[in-house]
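Below are the chains, spelled out letter by letter.
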Amino acid sequence: MTWPFSQTDEQAMWRVQTADDHAAFARLVERWETPIQRLCARMTGDLHRGEDLAQEAFTRVFSRRGDFEPSGRFSTWLWRIAINLCHDELRKRHRRREGSLEAPNDDDTPGGAETLASDSLSPSEVAEKLEEAEWVRQALQRLPETQRSVVILRHYEGLKFAEIAEILGIPEGTAKSRMFAALERLAVLLRHQRPD
Amino acid sequence: MNHPAPETWVEFVYDELSPPARADAKAHLNVCPKCQQAVKQLSATLTLLDQDKASLVVPRRRASAPAWRPVVRWALAASVVLAAGFLAGRASGPSRSDLQREVATVRRELQTQFEDELRAVTATTVSAAGDENRRLLCEFARDLQAGRTADRRDLLAALDLLNQRRALDTEALHASLVTLARRTGTGFQQTGSQLNLLASYLPAEPVGASPHFSTPDK
Numbered sequence: 001m002t003w004p005f006s007q008t009d010e011q012a013m014w015r016v017q018t019a020d021d022h023a024a025f026a027r028l029v030e031r032w033e034t035p036i037q038r039l040c041a042r043m044t045g046d047l048h049r050g051e052d053l054a055q056e057a058f059t060r061v062f063s064r065r066g067d068f069e070p071s072g073r074f075s076t077w078l079w080r081i082a083i084n085l086c087h088d089e090l091r092k093r094h095r096r097r098e099g100s101l102e103a104p105n106d107d108d109t110p111g112g113a114e115t116l117a118s119d120s121l122s123p124s125e126v127a128e129k130l131e132e133a134e135w136v137r138q139a140l141q142r143l144p145e146t147q148r149s150v151v152i153l154r155h156y157e158g159l160k161f162a163e164i165a166e167i168l169g170i171p172e173g174t175a176k177s178r179m180f181a182a183l184e185r186l187a188v189l190l191r192h193q194r195p196d
Numbered sequence: 197m198n199h200p201a202p203e204t205w206v207e208f209v210y211d212e213l214s215p216p217a218r219a220d221a222k223a224h225l226n227v228c229p230k231c232q233q234a235v236k237q238l239s240a241t242l243t244l245l246d247q248d249k250a251s252l253v254v255p256r257r258r259a260s261a262p263a264w265r266p267v268v269r270w271a272l273a274a275s276v277v278l279a280a281g282f283l284a285g286r287a288s289g290p291s292r293s294d295l296q297r298e299v300a301t302v303r304r305e306l307q308t309q310f311e312d313e314l315r316a317v318t319a320t321t322v323s324a325a326g327d328e329n330r331r332l333l334c335e336f337a338r339d340l341q342a343g344r345t346a347d348r349r350d351l352l353a354a355l356d357l358l359n360q361r362r363a364l365d366t367e368a369l370h371a372s373l374v375t376l377a378r379r380t381g382t383g384f385q386q387t388g389s390q391l392n393l394l395a396s397y398l399p400a401e402p403v404g405a406s407p408h409f410s411t412p413d414k
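Residue numbers (our numbering), protein chains in the order written: chain P, 1 to 196; chain W, 197 to 414.
Rather than coming from a laboratory, the hints here were simulated on the basis of the structure. By construction, the Cβ of each residue, glycine as well, lies at the ideal position given by its N, Cα and C atoms. Among the clues, some could well be false.
[To be verified] Quick list of in silico lysine-lysine cross-link-like pairs, DSS-like style, CA-CA up to 27 Å:
no.: 1; chain 1: W; residue 1: Lys-236; chain 2: W; residue 2: Lys-222
no.: 2; chain 1: W; residue 1: Lys-236; chain 2: P; residue 2: Lys-160
no.: 3; chain 1: P; residue 1: Lys-160; chain 2: W; residue 2: Lys-222
no.: 4; chain 1: W; residue 1: Lys-249; chain 2: W; residue 2: Lys-236
no.: 5; chain 1: W; residue 1: Lys-222; chain 2: P; residue 2: Lys-92
[To be verified] Partial list, derived from the structure: chain W residues whose beta carbon lies under 10 Å from chain P:
no.: 6; residue: Thr-204
no.: 7; residue: Trp-205
no.: 8; residue: Val-209
no.: 9; residue: Leu-238
no.: 10; residue: Leu-245
no.: 11; residue: Asp-246
no.: 12; residue: Ala-250
no.: 13; residue: Ser-251
no.: 14; residue: Asn-359
The shape of chain P in the complex, shown without the other chains:
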C-alpha cells in the first residue's frame, strides 16, 4: 500500500510491525540513515565503523520491531538503540585496548575523514579548518561516554534536553549538568591540544 501523503515515523513503524512492510522500513532507513551514521561516527571516532554500527542499528530495529511501543516516539527508540550499540562497541574496544582515534585510510583523504572542500576558502584555510575539526574530534573522544553522548545529541543532532533525558534514561537536570561538565572539559582539552 502506498501512502499518498507524507507518512510519520510512527505510521511507518506501525506498518513494519503489523505487515512487515519493507517499503515502510526502507522509508524509515532513508530518513534516519544519515543522522544515525553521524551519531555512531562521532561516538566511536571512526567514520566507517560508524557506518557499520548504523546498519546494525537498523537491523536491530527490524528484528526487534515487536518491541516498539506504538504510543512512544520512533526517533527516541532509534536513538536509544544506536547509543546502546555505540556503548557496546566502545566497551569491546576498551577491552581490546584499541584506543585508536584514527580510522584506517581506505582512500586518499588525509586523516581518514572525508570532508567537502569549500570553494570560498583557500587551500591553507581549508587545511586549517580540517585541523581544527580534527582537534575537536579528538577532544570529543577524550570525553567520558556519558558526557560525549549528551554533547553529540544536543549540539550535533539538535535534540532538546528533555528528549535526550528520555533516550538515556536519566533526569533532564542530569542531562544538562553532564552537558555543562562536558563543555568545561572540552574547553580544557582544546586549550591543551591547539598550538598557540
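Since the structure of chain P is provided, determine the placement of chain W on it from the hints.
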C-alpha cells in the same frame, strides 16, 4: 552572591530558558564577572564544536563495497537477516563482498519467484471468481422465473375463486329479493281483502257520502 546553577548557563547559551528566567540570568550576568567568563567560555567551546559539525559528512562508499542505493541496501539487510546468517554458516569464511553478492542473488531469485506465484494465484482467483459469478446469476434467473410463474398461477386461482363467490352471492341475493317481492305481494292482497270485509260491515251512507266498496247484494 547567589549564582545560578551551571545547567542554567547551558540553557542560556542554547536559548532554552523561559523569558522570565532569561531576563533573570541576564540581570545576573550584568553584575557577575565570574559567570560572564563562564558563559563566554561555553560559547567559545560551542563555536569550536561547530567546526567539526561543518566538516563531518557521511563518507562515500568504500571502493570494495558494491555501489547500491542506500534504500535497497538497508531493506536487503533487514529482509535477509536470517538468510545472511545461513549463508555465513554454510560458507567457510566468506569475505564481506562475497556474502553481499550471494545475498543479492538470493534476493533477486526470491523476488522473481514471488512475482510469478503472485501472477498465477491472481489469474486463478479471478477466473474462479468469474465462473462462480456466472453460476450464481443463472441460478438467480431461474429462481426468479419460477417465482413469477408460481405467482401468476396463484393470482389466477384467487380471481377464479372470487368470481365464483360473487356469482353465488348474486344468486342468493336474487332469490332473497324474489322471496321478498312475493311476500310483499301476498301481504298487499291480504290487506285489500280485509279492508273490503270491513267495509261490508259499515251502514249505508247517504248519497254523496264517501265512496264505498262494492257491497254484496241483499
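Inset, instruction - For the pair we were handed, Lys-249/W and Lys-236/W, check the Cα-Cα distance against 27 Å. - result: Between Lys-249/W and Lys-236/W the Cα gap is close to 20 Å, so the pair holds against 27 Å.
Inset, instruction - Would you settle whether the hint for Val-209/W is holds or violated, based on the nearest Cβ-Cβ distance to chain P being less than 10 Å? - result: Interface hint status for Val-209/W: holds (8 Å vs cutoff 10 Å).
Inset, instruction - May I ask you to test the interface hint for Leu-245/W with respect to chain P, counting a Cβ-Cβ separation under 10 Å as satisfied? - result: 5 Å, holds
Legend entry - Distance restraint between Lys-222/W and Lys-92/P, which requires alpha-carbon spacing of 27 Å or less: Measuring from Cα to Cα gives roughly 45 Å; hence the hint is violated.
Inset, instruction - Answer holds if the nearest beta-carbon of chain P is closer than 10 Å to that of Ser-251/W; otherwise answer violated. - result: Result: holds, 4 Å to nearest chain P Cβ.
Inset, instruction - Take the C-alpha atoms of Lys-160/P and Lys-222/W, compute the straight-line distance between them, and say whether it is at most 27 Å. - result: Between Lys-160/P and Lys-222/W the Cα gap is close to 22 Å, so the pair holds against 27 Å.
Inset, instruction - Given the hint that Lys-236/W pairs with Lys-160/P, test it: the Cα-Cα distance must not exceed 27 Å. - result: Roughly 22 Å separates the two Cα atoms, so the pair holds.
Legend entry - Restraint outcome when Thr-204/W is required to lie within 10 Å of chain P by C-beta distance: It holds, given that the least Cβ distance between Thr-204/W and chain P is near 8 Å, below 10 Å.
Inset, instruction - Could you grab the alpha-carbon distance between Lys-236/W and Lys-222/W and see if it respects the 27 Å cut-off? - result: 13 Å, holds
Legend entry - When the least beta-carbon distance from Ala-250/W to chain P is tested against 10 Å, hint result: Holds. Min distance 8 Å.
Legend entry - Interface hint compliance - Leu-238/W to chain P, C-beta minimum distance less than 10 Å: 5 Å, holds
Inset, instruction - Answer holds if the nearest beta-carbon of chain P is closer than 10 Å to that of Trp-205/W; otherwise answer violated. - result: 7 Å, holds
Consistency with the previously given hints fails for numbers 5 and 14, ordered from lowest to highest.
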